[in-house]
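Student: Listed below are the residues making up each chain.
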Amino acid sequence: MMRLILRKPTPIRAWGFDPQERSVDDLEIIYEELLHIKALAHLSGMVKRQLTSVLVFECHEKAGTVLFHQGDEGRSWFIILRGSVNVVKYGKGVVCTLHDGDDFGKLALVNDAPRAASIVLREDNCQFLRVDKYDFNRILRDVEANTVRLKEHGQDSLVLEKIPTSTQHSNNNKHHHVSYRYSVMAGVPEKMLEHLLETRIDSKYDPTDTFLEDFLLTHIVFMPSEKLCPALLQHYHSERTSSRGPEQETIDHIVNNKRRVVQLVCLWHVVAGYAFKQDTTIMQFLETLFSAVCDDCPAYPSLQDPLASLEQVLKAVKSTKDSGSHTWQVQTQVLSESRTHQEDELRRTPIKAKDETIFKVYCADHTYTTLRVHMDTSVTNIIQTVSEKMCLGNDLVLCEVKSSGERLSFHQKDVCIATSLSCNGRIFITLRDHLDALTPLPEQEGPSEGSVSFLEPTSSRELAYQMTMYDWQLFLCTHECEFIYHTFGRHKYRRITANLDVFLRRFNEVQSWIVTELCLTSHISKRVHLLKKFIKIAAHCKEYQNMNSFYAIIMGLSHMSVSRLAQTWDKLPNKLKRVFSDFEALMDPSRNHRVYRLALSKMRPPIIPFMPLLIKDMLFTHEGNKTYFEGLVNFEKMHLVASIMRVVKYCRSENFKLDSPPAVKNVKEIVSYVRNLQVIDNTKRLMQLSYTLEPPKT
Amino acid sequence: MPEQSNDYRVVVFGAGGVGKSSLVLRFVRGTFRECYIPTIEDTYRQVISCNKNVCTLQITDTTGSHQFPAMQRLSISKGHAFILVYSITSRQSLEELKPIYDIIREIKGDVDGIPIMLVGNKCDDPNREVSIQEGMEQSKFWSCAFLETSAKTNYNVKELFQDLLQLEKRRTMSLHLETKKTKSQKRREKLKGKCTVM
Ligand SMILES: Nc1nc2c(ncn2[C@@H]2O[C@H](COP(=O)(O)OP(=O)(O)O)[C@@H](O)[C@H]2O)c(=O)[nH]1
Ligand SMILES: [Mg+2]
Numbered sequence: 001m002m003r004l005i006l007r008k009p010t011p012i013r014a015w016g017f018d019p020q021e022r023s024v025d026d027l028e029i030i031y032e033e034l035l036h037i038k039a040l041a042h043l044s045g046m047v048k049r050q051l052t053s054v055l056v057f058e059c060h061e062k063a064g065t066v067l068f069h070q071g072d073e074g075r076s077w078f079i080i081l082r083g084s085v086n087v088v089k090y091g092k093g094v095v096c097t098l099h100d101g102d103d104f105g106k107l108a109l110v111n112d113a114p115r116a117a118s119i120v121l122r123e124d125n126c127q128f129l130r131v132d133k134y135d136f137n138r139i140l141r142d143v144e145a146n147t148v149r150l151k152e153h154g155q156d157s158l159v160l161e162k163i164p165t166s167t168q169h170s171n172n173n174k175h176h177h178v179s180y181r182y183s184v185m186a187g188v189p190e191k192m193l194e195h196l197l198e199t200r201i202d203s204k205y206d207p208t209d210t211f212l213e214d215f216l217l218t219h220i221v222f223m224p225s226e227k228l229c230p231a232l233l234q235h236y237h238s239e240r241t242s243s244r245g246p247e248q249e250t251i252d253h254i255v256n257n258k259r260r261v262v263q264l265v266c267l268w269h270v271v272a273g274y275a276f277k278q279d280t281t282i283m284q285f286l287e288t289l290f291s292a293v294c295d296d297c298p299a300y301p302s303l304q305d306p307l308a309s310l311e312q313v314l315k316a317v318k319s320t321k322d323s324g325s326h327t328w329q330v331q332t333q334v335l336s337e338s339r340t341h342q343e344d345e346l347r348r349t350p351i352k353a354k355d356e357t358i359f360k361v362y363c364a365d366h367t368y369t370t371l372r373v374h375m376d377t378s379v380t381n382i383i384q385t386v387s388e389k390m391c392l393g394n395d396l397v398l399c400e401v402k403s404s405g406e407r408l409s410f411h412q413k414d415v416c417i418a419t420s421l422s423c424n425g426r427i428f429i430t431l432r433d434h435l436d437a438l439t440p441l442p443e444q445e446g447p448s449e450g451s452v453s454f455l456e457p458t459s460s461r462e463l464a465y466q467m468t469m470y471d472w473q474l475f476l477c478t479h480e481c482e483f484i485y486h487t488f489g490r491h492k493y494r495r496i497t498a499n500l501d502v503f504l505r506r507f508n509e510v511q512s513w514i515v516t517e518l519c520l521t522s523h524i525s526k527r528v529h530l531l532k533k534f535i536k537i538a539a540h541c542k543e544y545q546n547m548n549s550f551y552a553i554i555m556g557l558s559h560m561s562v563s564r565l566a567q568t569w570d571k572l573p574n575k576l577k578r579v580f581s582d583f584e585a586l587m588d589p590s591r592n593h594r595v596y597r598l599a600l601s602k603m604r605p606p607i608i609p610f611m612p613l614l615i616k617d618m619l620f621t622h623e624g625n626k627t628y629f630e631g632l633v634n635f636e637k638m639h640l641v642a643s644i645m646r647v648v649k650y651c652r653s654e655n656f657k658l659d660s661p662p663a664v665k666n667v668k669e670i671v672s673y674v675r676n677l678q679v680i681d682n683t684k685r686l687m688q689l690s691y692t693l694e695p696p697k698t
Numbered sequence: 001m002p003e004q005s006n007d008y009r010v011v012v013f014g015a016g017g018v019g020k021s022s023l024v025l026r027f028v029r030g031t032f033r034e035c036y037i038p039t040i041e042d043t044y045r046q047v048i049s050c051n052k053n054v055c056t057l058q059i060t061d062t063t064g065s066h067q068f069p070a071m072q073r074l075s076i077s078k079g080h081a082f083i084l085v086y087s088i089t090s091r092q093s094l095e096e097l098k099p100i101y102d103i104i105r106e107i108k109g110d111v112d113g114i115p116i117m118l119v120g121n122k123c124d125d126p127n128r129e130v131s132i133q134e135g136m137e138q139s140k141f142w143s144c145a146f147l148e149t150s151a152k153t154n155y156n157v158k159e160l161f162q163d164l165l166q167l168e169k170r171r172t173m174s175l176h177l178e179t180k181k182t183k184s185q186k187r188r189e190k191l192k193g194k195c196t197v198m
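Chains as they are written, first to last, in full-length UniProt numbering: chain A, 1 to 698; chain B, 1 to 198.
If you're looking for bench data, these hints aren't it; they were derived computationally from the structure. The C-beta atom is built at its ideal place from N, Cα and C for all residues, glycine as well. Wrong hints could be hidden among the right ones.
[Stated by the list, open to error] Label-pair ranges, simulated between beta-carbon atoms:
(1) Pro-695/A x Asn-53/B: 36 to 44 Å
(2) Asp-305/A x His-66/B: 51 to 59 Å
(3) Ser-672/A x Asn-53/B: 40 to 48 Å
This is chain A alone, in the form it adopts within the complex (with noise of 0.2 Å):
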């Protein structure tokens, strides 16, 4: 259901443009495009933001069209946005095929030669994007001229792009001063840390400059804590290697320095939160570099501020250290908490790499054993124990099989499996040779009966309510380096998206639950009455600003088993069918979502954003941009990645603060309800429920 949203883009109108004639707003959504394209990802965001306004965008209708002829001057580059093409070589044919988001022809811009190749259109209606050789080349000479390369040992190790920003005299508004700034694109992970504590640390806030909160954001992909720690150590102690000049020089500079490592990691703690609170190994590097300033105080008193702000991190760290563990509850398809306290029952706390999880595994014969292991136990260990337990014989599988009978092998490294099921979907062993034997469970249908009864007298309003309280604890307990572990791959760092998992499956469980509850109301006035209930849950939903709950229920309604339904939306009343068609506008993906986007930019937090769309965003970003080159860390990357983990923030950078609507009676029915939603997950299972509501027209 997901894949709807995850479809490329279509190309944007923004394109058809004249370069000359695009505006601010049509650039920046070509950029946007731009980061997608995966043969661009070499480049940098600074070329990107060139390219943006010269290129042009090409479209042949038919298949044959010979676009250049090898041995022809190279004028030209090209990118191909949908369709393919063949490679032909003089007596040799067909040498290959491109296909949407490679490119070609720049190799003759480059090198000034004649075409190596022609180049044939495979299919009707091909798009392209092309560059001309002027343009191209000019970009290349502007974008070097901006750029700052530091080497070491004859190698680059730190690029900066030097950025213009118009800074006004506060005395004279007329009078505009152009300073620059230079932000980092590339380095080698030591360079960059050194820079980070050479300049930023004592600079004047500037809300443009991210470098710092980015480093500390993104600092997992490309040096994790247990090669940042031992740095910013041996940074701690690098008076041994520090420049002998006066006296008291040296020993500002020797303070200096070390004052700058703690404040690093102070600012780390602020940035970071509960990911570095659960490190060990920063905790264990926090002992450490305490006792260091301890032992540094009497000589170089000046520490003394330092070293209470780093005892209270030190502190803050511990207690949520001791604050204990939690046991949760895989059942059906919530994750609870086993051991939950009547009086903090509706408070959830995030759920920790280190916490206990409880779920069943199913054998072929459906028998099955509860395990009790860590979230982050791997999948060999849950193997290993679990072959033990049963005796059940080598090269072992472990898989979820959906309520479809989809079944989906897990890596081997790969940690909190519990979480990242389906809705109905089961965790089920099996030796490799028998993987096709397995079938889901009886219970993996889910309900036969609706709960319409307990829907119908509900309010709206209490529903969405609840949904949202719901939502909003689900949020707040995801990290954002959830999403970095969750588009990168969480098994490469051992690091659990367990938070965000729980949250992304509500998404699809509410869809479900909708699509759920029509499917089995087979009584047509009251399936009528369903619908008009759930439009207006969703209408509550927006106007809490529950992006998440809104789009999942417009989403359900508009999925095939619900939407073919014509007599039961013929007799939809006509202004919640135009309701209805407005919120469809919403979910338009064309230009990039671009209406959706539009509409976030215009409210304020607290927003409970539309996280599929978040996840896409890290996707592409991810695939469309390489971690490093050369050897260096493309900065530029962690930047954009960055950039998304600070939607996240901004979102919930306000509380919720809702007045609850008018008090009803059966308010903990109600919560409990929205919190366990019981649904079916399997299309082709809705499908044939709703051919028998609304046989099909023969």
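Start from chain A and add chain B with the ligands according to the hints.
Tutor: What follows is chain B with the ligands alone, placed relative to chain A:
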């Protein structure tokens, strides 16, 4: 072999460490282990005969602690017959069965006709705290059957399950597949046998 409606479901209850898992594993696999691995909830299947047909005995081995009341209630409501295990080396473990018996009564309503077996396990152990008479009295009080067993020495384990099945009056069940089998039944059994080995 997916769950079938004619599965016969037996649930084993008792305090932690009395030997529930050991009894089940001795019965299903013929093995015994000295080490103690706490159980949360495991199920096993065994082919038996029922009304001269092949059916499956599904055994649910439960946790001893009261951490998961929801799970406990669910397995009671799904269960057809119950084994209540205590250890003869611990009077406390017999005491702990009482609330479980009460919950079974509460959920099942009338316990008449529901096969329940009270089991004093570890009868090989010399450190006895509960005499055989005490066990028998308790079983009379509950009007259920009673046996002393040892999973370790394999004493009365098979009998325990056999007797329990015979208490079921609504079906005729036996651990032995003594019915005259048709060819297809034999083949089915063979398949099922394979599945349990898996
Ligand atoms: N001596 C003796 N020890 C037993 C017997 N049955 C189980 N045990 C031991 O008691 C401990 C707990 O057994 P287990 O079956 O795991 O108990 P459960 O918690 O009720 O499932 C284990 O160390 C077993 O080896 C028995 O019949 N005799
Ligand atoms: Mg056990």
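Student: Which of the stated hints cannot be reconciled with the structure, identified by number in ascending sequence?
Tutor: none
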